[in-house]
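Protein chains: 2
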Amino acid sequence: MQTKIILDEKDIPTQWYNVVADMPNPPAPPLGPDGQPIGPEALLAIFPEALVQQEVSAERWIDIPDAVREVLTLWRPAPLYRAHRLERALKTPAKIYYKNESVSPAGSHKPNTAIAQAYYNKVAGIKTLVTETGAGQWGCSLALAGQLFGLDVRVFMVNVSYEQKPYRRSMMQTWGAEVHASPSNLTEAGRKFLELDPDSPGSLGIAISEAVEQAAQREDTNYALGSVLNHVLLHQTVIGLEARQQLEIAGDYPDAIYASCGGGSNFGGIAFPFFADKAAGKKIDLVAVEPTSCPTLTKGAYAYDHGDATGLTPLLKMYTLGHDFVPPGIHAGGLRYHGDSALVSQMYHEGLIDAVAVPQTETFEAGVQFARTEGIVPAPESTHAIAAAIRDARQCIATGEARTILFNLSGHGHFDMSAYDRYLANELTDYEYPEEAIRESLEKLPNFG
Amino acid sequence: MQTKIILDEKDIPTQWYNVVADMPNPPAPPLGPDGQPIGPEALLAIFPEALVQQEVSAERWIDIPDAVREVLTLWRPAPLYRAHRLERALKTPAKIYYKNESVSPAGSHKPNTAIAQAYYNKVAGIKTLVTETGAGQWGCSLALAGQLFGLDVRVFMVNVSYEQKPYRRSMMQTWGAEVHASPSNLTEAGRKFLELDPDSPGSLGIAISEAVEQAAQREDTNYALGSVLNHVLLHQTVIGLEARQQLEIAGDYPDAIYASCGGGSNFGGIAFPFFADKAAGKKIDLVAVEPTSCPTLTKGAYAYDHGDATGLTPLLKMYTLGHDFVPPGIHAGGLRYHGDSALVSQMYHEGLIDAVAVPQTETFEAGVQFARTEGIVPAPESTHAIAAAIRDARQCIATGEARTILFNLSGHGHFDMSAYDRYLANELTDYEYPEEAIRESLEKLPNFG
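If you read the protein sequences in the order shown, they are chains Z and R. FYI, in this note's numbering the residues of the first sequence are 1 to 449. FYI, in this note's numbering the residues of the second sequence are 1 to 449.
Be aware that one or more of the hints could be misleading.
You can't tell identical chains apart in this list, so a pair holds if it fits in one copy or across any two.
As a list, the in silico BS3-like pairs of lysine-lysine whose alpha-carbon atoms are at most 30 Å apart [unchecked claim]: (1) Lys-95 with Lys-10; (2) Lys-95 with Lys-122; (3) Lys-91 with Lys-122; (4) Lys-127 with Lys-91; (5) Lys-282 with Lys-317; (6) Lys-122 with Lys-4; (7) Lys-165 with Lys-192; (8) Lys-283 with Lys-91; (9) Lys-91 with Lys-282; (10) Lys-10 with Lys-91.
If you're looking for bench data, these hints aren't it; they were derived computationally from the structure. Small disclaimer: the values here were computed from a predicted structure and weren't measured.
Chain Z on its own, in the form it takes in the complex (with noise of 0.2 Å):
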């Protein structure tokens, strides 16, 4: 009885997927703040040329450079493992495989985009990298990925976390990165935040806002972003090809995918690589796994919004819960996002892809029976896309159907054990699906499209 399929390096995807060539309609494009169309140009400010193509191609399939699969090769081909002990728990007749993307040594799905991001900045004579982390999941990728291309990385990390979570910080600097707490003295945004409230505990929004006013003042600096956008989520196809491969090996194919969703790419990351299939009439269902205390995609509006929470950013057409929407302040930071990203938002308006919501007691419940059977602790995010899982091998008890169902562990929550301190403890509360907060929120959306 096998328990893991490994690949050998050399099958590691030497092609990303691009799903937007299987798309029925061209994705929506982005709009400046006048409600018109923002072309390409605008973003390479902030990001270089190849990046900034791989968002508006349209092309199939795109080439891995060598150097990055050279990278690649320290934690991947990631394993697929077979749940038996899982399935054995649940007595269900379904079988359940997860991807195993917590073998990073960043401990999470992320670095698949930073690595890929550094290598086209390095290219580009790029010489320091900047962006914002919340709980420091993000910022620990592009920390190691900028190391490894001898990139200096600057991190502006929301201050509440940067005091509560100093492990994640720690792990970054270690890393070579240089870790501020936002708001900081050292923009013109952040000196604005600082005067209003010198002990401002700050948020993702403000941090986005100093890494982008950087990057865009200086010629030598980027700004990267660890989801949402098009080529974030084309990065992180390897996931998925990879899990393609690890199926046919063990001569099967999925009837449901499930991933967690914040702002995307872990979930397209995962299912866009068996949408060509789909597209093409095979019956696979591709479910986005998102708490209930942040529904965008099943409460949301589909609109025109911006990517951050302060409105700097262009228009995109998306799932969104209105941008200035505060989620609940549950232990699965990495899905506390307003909106989603445009392709998988469009996918699900076009009905091509589901998505449900799980509350936050039974993602820990999942977690738990997880570790206690497969021995990984899970990620909080990681914990959604385990429970959405469990309920359909539930669910196959009840139809006697030997469901194959694959979800993708998207990361370890060993920088999570206060989250299974409190669950273990019963104190853990199901966030009231904060129907108000967001009506007044999506009342605010600019009326585009």
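Keeping the supplied structure of chain Z fixed, place chain R upon it in accordance with the hints.
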């Protein structure tokens, strides 16, 4: 250019290697408090018979039960890495390989023996395993193993760590273990220490007393130890046995093997399977690496001493700093042990293996260089092996030799980031060699053999 050498699950060893079969002299027997050799039956009160048999066996190969190999597939075979990036950074002609044991769910090599111990106890009808833990690496591994085999696990965790390092405790609880701050009021020993000091910070010695007391008193309860004993080292030989296969695939053979050495199971695990070759005349350096602040092999006496701090265990002939020697508070908690495995000690005494001591700041410097080249942030224990390997690789620059160096990356440092924080802030010190304390402690040794 290949980074990792990966084996199939079917290549997980089917037998453990027992170094006793190739040692030139039989192991010195353990002694009772009266200085007379004690037989294996003395151990049956707290260990199952199968483990006691392994403890005294001289058979070269001992079968690994299928049920144990099946659980090991959750993370084994562990990958062998060629450290291309570290080599380049060092500009060394040496080839550096490392075995990556950080891939287990608990994040270290410890589950290799925890799984085996849980299995044999389960088969023997035991319901509960009790153990002690300091920082929590071992407690986590046994919690995981107990959960996977359906055993209750109770961990006495040194009070000061229980309070200061809550995340390893949370991890044990996530895997279903009962964790008690030690001293506790659950045992005679605990109550005695609490009477003396209700706020006692605890010690490993006290925690061992509590665990052994419960295991000895209850029919359905046994004790489990994470290092030192022969059967523990035996279970860890899967590391070296896999590494042998992997180096053979790479077409290489090590000139030197480095592994950090606290109780000795990490070192024995990777080094012993290469000892048979050395016994047959092959030139290979097997080097145990310890901290200069707790220099058991390099500065201790080879004498009979207790394995625990309070003198409860039988006397083992080993290198020791005296069982009441308290090592300085270095961050590599797993290497703060006054003694060493009897097998490792005897082999060192007979000149069959080597040892070297490395100061704390050098180990963290090596750990950061490793993280910045190879990605993984290593455990403070593992940085000792890295530092020694780097010394060797630097020596190769001087001599021009292209030596093949293998070390064991015994674990990751995800729960040790505060130590990296202190190192990066220049707050770590190299403790003076505690000569006076060691001398005083050694003077109290019983005068046997």
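*Which hint numbers does the structure go against, in order from smallest to largest?*
Violated: none.
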